[in-house]
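K.L.:
Listed below are the residues making up each chain.
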Amino acid sequence: MTSADEPIEDYLDELYSALPAAARPARRILAEAEDHLREATADGLARGLSESEARREAVTRFGSAARFARASRGSPWRPPTGAVLRDLARAAVPMVAIGLIAIGISGGVAAAMNAVFGATFVGGAPAGAHYAAATCAHFLAIHPGAGTCARAATLENSQDAVALRLPVGALGLLILAVSHLLGRRPTARRTRSTLPEVFLPTLGFVTFGAAGAILTGLVIDGTFVGGAAGRGFYLSGGLVALVTAAAYALPLNRALAGRPLARN
Amino acid sequence: MDKERLKGNLDLLLLAVLEDGPAHGYAVITGLRERSEGGFDLPEGTIYPALHRLEQAGLLASDWTTNGGRRRRTYTLTPAGHRALAAERAGWQRFARGIFAVTGVAVTGAPA
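These protein sequence lines are chains A and B, in that order. Here my numbering is used: the first residue of the first sequence is 1, the next is one more, and so on. Here my numbering is used: the first residue of the second sequence is 1, the next is one more, and so on.
It is worth saying that the hints were derived from the structure and are not from the lab. All of these numbers come straight from a predicted model, not from anything done at the bench. Please note that a few of the clues may not be correct.
[What the hints assert, rightly or not] Covered stretches of chain B (in silico footprint by chain A; criterion: 3 or more residues with CB under 8 Å from a CB of chain A, positions within the stretch not fixed):
1) 15-27
2) 43-49
3) 66-79
Each residue gets a CB set at the ideal place from its N, CA and C atoms; glycine is no exception.
Given only the sequences and the hints, what does the whole structure look like? Please build it.
P.N.:
Structure representation (structure tokens):
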């Protein structure tokens, strides 16, 4: 593509981002607009214009991309509420599933921490922590070999960090698989999202990044940690959340890199 | 002719241009400009939503054709489109006769 192509390419980019959500009409409008602009350019060349002048004139004569897209949707246009809700649900389902899977993975990380650093790192309460007699009795009944209430509580917390999180991860995998299968059905309607391309990766990056920062920050600060469990209890979740946020940063970077630069 | 008045009659004008035979969007806008001797000079993109609307109303049919390696959408007047054009023409003749009778305006020179 030469630099003289840019007015038409820029115009089609602008039109593409403003077109209706349904894929088929959007493709048709884009194809017709491109054909029109190429033919108008050929006409301009035949009248003696330079290639660059002919392309600029073709774009100018075609009229505003935003107005054209608005007219193509019907006027006055508002984003169809149903389509926005559908796209929000489509964005939310995988994100919730990924959140649940992240919790499950943090259970695996907690299990690894238990194995490497011992149960106290994940489940150990701070010195002086007090448990009610009934709670102690409950812990000792589950862990009769622990000897003390504090040790039984540590074992129980360290095991809970694994046993309660892993099934949550399995539920996330199930939701993701069902959502993927439903999306692959031949009858599933192909539509362009009404949400900006950067929406989902931004939401994922911010949500998981904030969760990771808070959980890891709590461990570093140490003020709030230890009420019922050890540092590993929070650190396992914080690390997985930060890795998940980093995974969202990649598509976010791609989406931002693919956006046309703002024109002066 | 001012743009709003032109837009109000765009459907009739598009049907009339397509009465000559199937054409793609660029040929329609060129035909409109030439037949009006440059008087009807809309932003060219304006005609596509109108063509799509007429197609949805069943007055036009369209299909992809390939010409010189280029894929383009060609529009054709349907029988319902022919009937709608005839009815619109008759309506315009009555309206124009009334306007001429009241104002004494006669059509001279190039359309505008």
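K.L.:
A separate judgement is required for each hint: does it hold in the structure or not?
P.N.:
For each hint, the structure was consulted:
Evaluation of the coverage hint for the segment 15-27 of chain B: fulfilled, as 3 residues show C-beta separations to chain A shorter than 8 Å, against a requirement of three. Evaluation of the coverage hint for the segment 43-49 of chain B: fulfilled, as 6 residues show C-beta separations to chain A shorter than 8 Å, against a requirement of three. Coverage of the segment 66-79 of chain B by chain A holds [criterion: at least 3 residues with CB-CB distance below 8 Å; count 4].
Violation of the numbered hints given earlier is absent; every hint is satisfied by the structure.
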